[in-house]
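*Asks:* These are the residues of each chain, in order.
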Amino acid sequence: VIPSSWPLLVSAVLFAVGVVGVLVRRNAIVIFMSVELMLNAANLAFVGFANALHSLDGQVFVFFVMAVAAAEVAVGLAIIVNLFRLRESVFVDEINLLKG
Amino acid sequence: VIPALFAGFAAVLLASALMVVLHRNPVTSALFLVVAFCSLAGIYIVMRAEFIGMVQVIVYAGAIMVLFVFVIMYLNLGRDPERGATILLRRMIGWFVGAMIVLQGVLLFAGRWALGPVQEPPDPRLGNTQALGQALYSRFLYPFEITSLVLLVAMVGAIVISKGRGGYEPVDRAAAPRVTLRPGDSLTPPGGPPA
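Sequence order for the protein chains is A and B.
Under our numbering, think of the first position of the first sequence as 1, with each following residue one higher.
Under our numbering, think of the first position of the second sequence as 1, with each following residue one higher.
Just to be clear, a hint being listed does not mean it is correct.
For each label pair, taking beta carbons as the anchor points, the in silico distance ranges come out as [to be verified]:
no.	chain 1	residue 1	chain 2	residue 2	range
1	A	Glu94	B	Gln134	48 to 54 angstroms
2	A	Phe91	B	Val66	21 to 27 angstroms
3	B	Met92	A	Lys99	20 to 26 angstroms
4	A	Leu53	B	Ser162	37 to 43 angstroms
5	A	Asn96	B	Glu120	55 to 61 angstroms
6	B	Gly111	A	Asn96	39 to 45 angstroms
7	B	Val156	A	Asp93	30 to 36 angstroms
8	B	Pro121	A	Lys99	53 to 59 angstroms
9	A	Phe91	B	Ala4	14 to 20 angstroms
10	A	Asn96	B	Arg139	43 to 49 angstroms
11	B	Ile93	A	Leu86	47 to 53 angstroms
12	A	Leu86	B	Arg125	25 to 31 angstroms
13	B	Tyr142	A	Lys99	39 to 45 angstroms
14	A	Asn96	B	Asn76	46 to 52 angstroms
Everything labelled a hint here was simulated from the structure, so no lab data went into it.
Values in this document were obtained by computation on a predicted structure and should not be read as measured data.
Every residue, glycine too, gets a C-beta built ideally from N, C-alpha and C.
Isolated chain B (complex conformation) (with noise of 0.2 angstroms):
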């Protein structure tokens, strides 16, 4: 019943994230992205790794895409405007590097390949939880201590970033370059009426 529960849990994946790709609103691509991230903690627990999954389900499919699906609503954005020769070209070119990369996966594959040696099976009265966390806490100590300040410099950063220079100032109208309507935007102000 595993290999038939993975197999279940990859297709979700796989379809949802070419929906991500191939959809033209994004709000249903972000929502897309989470039907992704949850099937990938699915295969995750499957794979005994039961503590990744479910901070993949707490982190991607929670914090990240709340982040995504705000962003896109504080920009108000609708349905992607795709069409013109520049953009077939770019579509072909995207098409074959992708389809070359899964080539190129298959070949692997399909090749002579053997994993490396295969430690002794864990200790069964430890869950996966607890073993990660000692795993954490004590080889992967330096590692796990710079990842606290990666996530401080990015907090940083990100309020930096989109504070601006000197606080909120409204954007100049006048100077700024026009925007071009096409059918299908919405009229109302991206970002609302500056203040």
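One chain only, chain A, in its complex shape (with noise of 0.2 angstroms):
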């Protein structure tokens, strides 16, 4: 059986490495995938502790994650479609409209 901490531990580190790729990366689909890891790194604890638990709930809010994850990849990727047919760039700190 596996210890509860460990799903706990990997989904940390998981969610820390989508943090430096958002920080680090300045392509935005990647910055997008990197967003994806932190998502399922909360997947992995809830997995965690709905094993350790023996409960299903945990499961079931994987499953709405997962919902809204597909909803904002959708969306998210037609917003940087818009953004490359405006700027024709997706680094992110060339899309600067806002700094004044």
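Since each chain sits alone in its own frame, please combine them into the complex, following the hints.
*Replies:* Shown next as structure tokens:
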């Protein structure tokens, strides 16, 4: 049987990798992939707790998170495509329309 | 054998997640993300969440990654040009924040903590999918229905956003900001020639 702290530790490290990706990379699509990594880290924590507590509620929440993530990816990629048409770039530091 | 399987899948997951972040080519990042999602599905199956593992493969490694790869191909992205002092500063900040989060997690798990009340083990005659379906259609019926509304809104939103105002209009090259080419950039016009 897996100790209940293992999935939580893997989840913490995975979340940190996602945060590093968001902060370090400039490409908006890679930043988006890093956001997906963070969502999956949260899912892993949910499944870990569900496994440790013999409960099914965590898995139900993972199901909902996946549905929302699919919706988010569809809208987010549409925004990135639109941004590329407008500025011919997907690098987030070249998209500075709000800069005074 | 189950902890060994978990450790193996976790090692593959973390290594490929790091490669997603570190690799300069977005296509390679996307393919490493597929590897990460598949090994995460393996972890889910090891942890007795078989339905979630299968959905992970179908939805994440299938549908979402196809969308990512399709958009990368559509925008014709090459390797990322990354150099300069501001990038170095941002990179240092990023790794510092990431190290802080890992440190925080390790400190939390090193302290005293305990799980809440453990429930009865589930009925072994009921499969994981059947039990999950019964939970979704009884206790979680309203969230389940609202999820369908979220998906509908996302579908309409994606279509409206990517359609743009008043249908497709070609980019005004004179008014558009100058595109500076860097070494390694592709010379074909991104997005194809205007119709």
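*Asks:* The structure should be examined with respect to each hint, and the outcome stated for every one.
*Replies:* Against the structure, the hints:
1. A:Glu94 - B:Gln134: 48 to 54 angstroms: holds, 51 angstroms
2. A:Phe91 - B:Val66: 21 to 27 angstroms: holds, 24 angstroms
3. B:Met92 - A:Lys99: 20 to 26 angstroms: 23 angstroms Cβ-Cβ, so the 20 to 26 angstroms window holds.
4. A:Leu53 - B:Ser162: 37 to 43 angstroms: Given about 42 angstroms between the Cβ atoms, the range holds.
5. A:Asn96 - B:Glu120: 55 to 61 angstroms: holds, 56 angstroms
6. B:Gly111 - A:Asn96: 39 to 45 angstroms: Taking Cβ atoms as reference, glycine 111 of chain B and asparagine 96 of chain A lie about 42 angstroms apart, which means the hint holds.
7. B:Val156 - A:Asp93: 30 to 36 angstroms: For valine 156 of chain B and aspartate 93 of chain A the Cβ distance comes to about 31 angstroms; the hint holds.
8. B:Pro121 - A:Lys99: 53 to 59 angstroms: holds, 57 angstroms
9. A:Phe91 - B:Ala4: 14 to 20 angstroms: At roughly 42 angstroms between Cβ atoms, alanine 4 of chain B and phenylalanine 91 of chain A fall outside 14 to 20 angstroms, so the hint is violated.
10. A:Asn96 - B:Arg139: 43 to 49 angstroms: Taking Cβ atoms as reference, asparagine 96 of chain A and arginine 139 of chain B lie about 47 angstroms apart, which means the hint holds.
11. B:Ile93 - A:Leu86: 47 to 53 angstroms: Roughly 28 angstroms apart at Cβ, these two residues miss the hinted range, so it is violated.
12. A:Leu86 - B:Arg125: 25 to 31 angstroms: violated, 57 angstroms
13. B:Tyr142 - A:Lys99: 39 to 45 angstroms: Holds, at about 43 angstroms.
14. A:Asn96 - B:Asn76: 46 to 52 angstroms: At 23 angstroms between Cβs, range violated.
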